[in-house]
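All chains should be modelled from the sequences, with the hints used to inform the complete structure.
Protein chains in written order, with the working numbering: chain A, 24 to 427; chain B, 24 to 427; chain C, 24 to 427.
Take the hints with a grain of salt, since some may be wrong.
Put simply, identical chains are the same to the list, so a pair is met inside one copy or across any two.
Claimed, not checked - Distance condition first, Cα-Cα at most 25 Å in a straight line; then the derived BS3-like pairs of lysine-lysine:
1) K92 / K146
2) K122 / K92
3) K122 / K356
4) K390 / K50
5) K122 / K242
6) K50 / K76
7) K242 / K146
8) K397 / K50
Simulated from the structure, these hints should not be mistaken for laboratory data.
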Amino acid sequence: MAASGCRGLFLSAFDYKTEKYVIAENKKVGVLYRLVQLAIIGYLIGWVFLTKKGYQETEESIQSSVMTKLKGVSLTNTTNLGIHLWGPEDYVIPPQGEKVFFIITNFIETPNQMLGYCAESKKVPNGHCRENADCPAGETVVAGHGIKSGYCLKRDRNSTGTCEIYGWCPLNACFVLPREPLLRSTENFTVYIKNFIRFPRFEFSKSNVLDTADDRYLKNCLYDRTEHPYCPIFRLGDLVSWAGHSFRDMAVAGGSIGILIEWNCDLDKGYDNCHPHYSFTRLDMSSAANSVTSGYNFRYARYYKNAADQTYRILFKVYGIRFDILVHGKAGKFNIIPTLINIGSGLALMGAGAFFCDLVLLYLMKKSTFYREKKFESAKNDKSSVRKMIEDKGSEIQIQEDGS
Amino acid sequence: MAASGCRGLFLSAFDYKTEKYVIAENKKVGVLYRLVQLAIIGYLIGWVFLTKKGYQETEESIQSSVMTKLKGVSLTNTTNLGIHLWGPEDYVIPPQGEKVFFIITNFIETPNQMLGYCAESKKVPNGHCRENADCPAGETVVAGHGIKSGYCLKRDRNSTGTCEIYGWCPLNACFVLPREPLLRSTENFTVYIKNFIRFPRFEFSKSNVLDTADDRYLKNCLYDRTEHPYCPIFRLGDLVSWAGHSFRDMAVAGGSIGILIEWNCDLDKGYDNCHPHYSFTRLDMSSAANSVTSGYNFRYARYYKNAADQTYRILFKVYGIRFDILVHGKAGKFNIIPTLINIGSGLALMGAGAFFCDLVLLYLMKKSTFYREKKFESAKNDKSSVRKMIEDKGSEIQIQEDGS
Amino acid sequence: MAASGCRGLFLSAFDYKTEKYVIAENKKVGVLYRLVQLAIIGYLIGWVFLTKKGYQETEESIQSSVMTKLKGVSLTNTTNLGIHLWGPEDYVIPPQGEKVFFIITNFIETPNQMLGYCAESKKVPNGHCRENADCPAGETVVAGHGIKSGYCLKRDRNSTGTCEIYGWCPLNACFVLPREPLLRSTENFTVYIKNFIRFPRFEFSKSNVLDTADDRYLKNCLYDRTEHPYCPIFRLGDLVSWAGHSFRDMAVAGGSIGILIEWNCDLDKGYDNCHPHYSFTRLDMSSAANSVTSGYNFRYARYYKNAADQTYRILFKVYGIRFDILVHGKAGKFNIIPTLINIGSGLALMGAGAFFCDLVLLYLMKKSTFYREKKFESAKNDKSSVRKMIEDKGSEIQIQEDGS
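Below, the structure written as structure tokens:
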């Protein structure tokens with residue numbers, strides 16, 4: 024008996040149980056529910072799957088390696104250097120072709136500096152003095168060029184002077200930044216950008232230099248948004264103007280330009296449909312252009328020794344444009360998990376739609392009391408409820424008798 | 024007939040079908056189900072939406088461009104260099120203001136090295152020898168300073184010596200690292216950090232230098248966690264102490280400090296509520312501080328030519344602190360897809376709750392057999408089942424008769 | 024009366040309402056539904072949770088700081104430099120141990136260049152001329168070495184010559200790249216890579232240098248995929264050969280190698296189970312190996328002053344291998360939100376399965392009309408529908424009579 028009961032239980036597990044539905048022949052709610060269904064299906068197919076590619080697993084952490092190479096020479100004629108030729112080995116810092124590179128467009132040169140004593144620049148507030156006590160020996164001049172020696176140097180007894188300092192003398196403070204960039208021809212220089220990317224999750228890698236491009240094309244082409252969108256060679260002046268600025272203005276005091284390379288790859292469409300997209304922006308400008316945040320310069324020195332084995336140096340304060348190549352991208356590929364998560368959540372929303380339509384049917388319709396009674400079947404088994412049930416039956420039988 | 028059938032089918036598609044429910048007047052399970060519903064709604068609203076902002080699409084791949092500028096000068100007094108002044112052009116490597124920069128805090132200088140023959144350092148295990156055969160000519164000294172010339176140099180016949188090498192002589196091996204950092208005033212130097220970020224998906228970009236800040240503020244402020252949280256100028260000593268270490272200790276043998284800039288932007292709240300948050304950590308310490316992994320140094324050389332056109336060089340082995348600016352962040356913005364996915368999955372969990380309460384009702388309650396019969400309506404149409412149905416009906420009629 | 028009505032409404036809110044099911048004793052559909060349920064549960068547990076770790080929140084934006092240090096010396100013997108010893112301070116560019124570093128393996132040296140006039144190289148197409156008019160004074164030679172002086176230098180009257188330029192003379196164009204890499208011993212040099220990573224969301228950080236490793240191990244070990252997978256010291260020749268190329272071939276004209284460090288951390292398994300995994304790839308090769316995109320070289324110059332205070336320089340065109348350390352990774356940790364999203368969407372799919380089985384039951388089975396009638400209860404309350412209901416009852420009673 025127990026065994027047959029178990030067997031029955033096992034067999035009944037394979038009975039299909041299906042939810043019982045009540046057909047409410049209410050066209051208003053019916054149409055409403057169909058509209059809700061249509062909206063959810065439309066959202067799911069149109070927006071989630073077609074527009075947002077919800078059937079794809081996406082990878083946003085891109086690996087990127089960038090190499091750059093500049094071409095162009097420029098001639099400058101200054102008092103100190105004389106006629107001087109600048110090649111990429113001089114005006115690109117660092118010279119080895121990094122993803123962040125700086126192009127010298129303007130400079131102030133201070134030749135033949137040697138360690139010694141001289142007056143601090145008048146531009147440094149902390150270096151001003153009225154007497155020797157204002158210049159305590161050994162103290163550093165804040166934002167200045169050296170260490171105070173203890174003397175205050177001034178023209179006459181009553182004037183304000185500057186502290187004497189120990190440092191690289193003479194200072195470069197008296198020189199004025201040329202209004203016209205000294206290396207103005209940098210505007211026409213070109214940069215060749217080689218970008219190798221990889222999406223580690225999909226083990227997909229690609230380069231911005233197309234395989235099909237022949238040597239001659241790569242030697243002569245110049246990037247253009249519409250004509251040559253896949254040529255990896257850019258004119259510096261174009262880069263700045265595409266970012267919405269004037270190269271000549273920017274070259275005077277320097278600045279920073281971002282070259283954004285975007286890889287938006289649909290890997291379901293294959294290797295050849297994954298292309299870089301370039302855009303350009305200025306990185307050092309705040310919306311309210313203030314002088315502290317814009318501009319770009321730094322100092323570097325070349326050291327020499329003279330016949331007496333003394334060290335002297337040439338100090339360059341260089342102004343220029345820093346190019347920062349920022350690579351980002353995402354790749355998508357069909358994956359079952361996001362697909363099913365999206366379908367599942369869409370189906371769950373159908374349930375929410377049914378719940379909403381139920382509310383309308385059961386509380387807002389004219390015959391809602393009737394629908395409520397039909398939808399919710401009572402399961403009380405005490406006397407009174409049974410009696411009610413029978414009364415219901417009785418009335419049904421009454422109707423039956425009337426109808427027959 | 025077929026046409027009217029089709030029309031009927033079409034019309035019936037707009038009949039609203041609603042699930043039939045059985046009301047089990049069981050307060051225990053009813054309360055349980057309401058609790059389950061409350062828990063799910065609470066989790067959905069409280070945790071998913073309010074705490075985790077599940078209604079937002081998030082972007083974690085941040086684009087970042089960093090520029091740095093150091094200020095400060097330091098004086099050193101060593102036997103070889105004499106009194107020497109170090110400016111940013113000397114102690115910052117590389118000088119052009121990268122996101123990774125190295126500050127020299129200590130150094131060992133080996134002046135006037137020329138290519139020639141000398142004895143390998145005793146510190147290099149591979150350079151030890153007892154006889155000339157231990158120094159095969161042309162072989163490189165592993166982890167050493169040059170190429171073996173074939174001779175073993177030793178004080179007397181029985182002692183152990185070192186191989187003669189061809190290299191830059193004299194070697195710097197005999198010099199001892201100063202216990203007190205030579206450029207100890209670097210502790211008070213300041214670094215100005217300019218960070219431009221961009222969230223490509225939302226086309227949102229911002230800088231850590233606030234627009235509202237006036238020039239004077241930026242020239243004089245100093246970052247402080249509570250007083251000046253948005254000032255982009257940092258004292259080097261503070262950076263190290265905030266990372267939990269002593270600048271003076273770290274300056275002797277060098278180290279590496281990470282400056283973490285975190286951008287956690289809720290773009291629904293607008294542009295002005297997206298601020299950087301700075302934190303600091305040491306990057307070269309393992310939990311068990313061992314001497315191999317901590318410390319930071321490297322060599323660089325300055326090349327000169329003497330009157331006889333011979334090349335000589337000054338070798339600097341520099342110790343110092345490497346600062347690595349690591350930018351990360353995420354941005355969130357309202358998006359319908361994650362919102363609906365979260366709502367959908369919450370609704371689906373409601374179904375799971377109902378399933379659980381059903382189990383309680385149908386198998387754990389006293390009157391569970393009655394509820395089972397009410398919930399599951401049989402749909403067998405073979406003879407025996409029909410008979411059972413009629414018997415059920417009969418008993419119902421019996422009840423009816425009793426009740427009437 | 025109203026109060027008691029409210030109270031009744033309130034109490035009825037705690038009545039448990041459960042869906043009414045119809046048991047269709049159809050084993051075919053029953054088995055089908057169980058199979059669908061099994062498939063969904065299998066997919067959820069086996070694929071989503073066990074394989075894809077769907078119960079985890081994942082973080083893919085890794086913060087990484089890399090330091091490198093090279094060891095090894097190499098001897099070269101060239102006409103200009105003579106016997107020259109190269110240490111890391113010379114052959115690593117930049118020398119400070121960045122995540123992208125370049126190793127010189129071959130070079131062309133042009134000594135004693137001074138600014139002056141000489142003939143442009145014949146290799147530069149833009150420098151060719153037939154008469155002085157082809158060389159307008161002041162114009163830059165495209166992809167050349169200087170500025171045209173206005174003269175065309177040619178051997179005799181009818182031949183083609185090259186323009187005279189003002190630049191750093193003599194040019195290096197006549198030198199040929201050595202077929203055998205001059206610094207061939209770089210193959211045996213080692214690089215020590217220190218990588219510190221951090222997952223900001225989980226505040227988890229780790230280094231690739233293991234804590235347990237003692238000093239001696241780190242001084243002597245060499246990375247090997249199977250023997251020493253956690254040793255952070257790599258032989259350069261191995262790096263290239265693991266990337267599938269020959270170091271000697273690559274060393275001639277240069278190239279670029281990516282060292283990929285992958286951190287795949289299951290943070291539920293604890294700190295010790297998070298290890299780096301190294302892999303190696305070539306970054307500058309397109310599938311069709313063309314000469315423009317592969318190879319890596321750049322120029323740098325060392326500046327000197329002679330006794331007459333004239334500047335001269337040594338120009339190095341260096342060829343070598345650029346190593347780019349690319350770190351990526353993801354961390355996963357248990358989180359309730361993705362867990363519940365996955366469970367929820369799985370449950371919603373169950374609903375889809377039930378819908379599919381309903382279709383089979385209601386439209387494809389033999390007795391589908393019967394099942395349809397059972398599943399869908401009509402809720403019309405107009406006369407005709409009631410009559411139909413009663414007729415159904417009548418037929419049932421008929422059956423009852425037959426059966427009794």
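Is it within, between, both or neither when you check K122 against K356 at 25 Å Cα-Cα? Neither way: K122 and K356 sit 29 Å apart in one copy and 30 Å across, limit 25 Å.
Identical-chain pair category, K92 with K146, by Cα at 25 Å: Answer is between: at 19 Å across copies they meet the 25 Å cutoff, but 38 Å inside does not.
Which holds for K122 with K92 at a C-alpha limit of 25 Å: within a copy, between copies, both or neither? both (10 Å within a copy, 19 Å between copies)
Reference check for the pair K122 and K242, CA-CA at most 25 Å: within, between, both, or neither? Classified as within; 21 Å inside a copy, 30 Å across copies.
Is it within, between, both, or neither for K397 and K50, if the alpha carbons may be no more than 25 Å apart? Result: close both inside a copy and across copies, 17 Å intra and 22 Å inter.
Please work out whether the CA atoms of K50 and K76 approach to 25 Å or closer within one copy, between two copies, in both situations, or in neither? Intra 35 Å, inter 39 Å, cutoff 25 Å: neither.
My question is about K242 and K146: at a cut-off of 25 Å on alpha-carbon distance, are they close within one copy, between copies, both, or neither? Between copies only: 14 Å across, 48 Å inside.
At most 25 Å between alpha carbons: which applies to K390 and K50, within, between, both or neither? within (13 Å within a copy, 28 Å between copies)
In summary, the numbered hints that this structure violates are 3 and 6.
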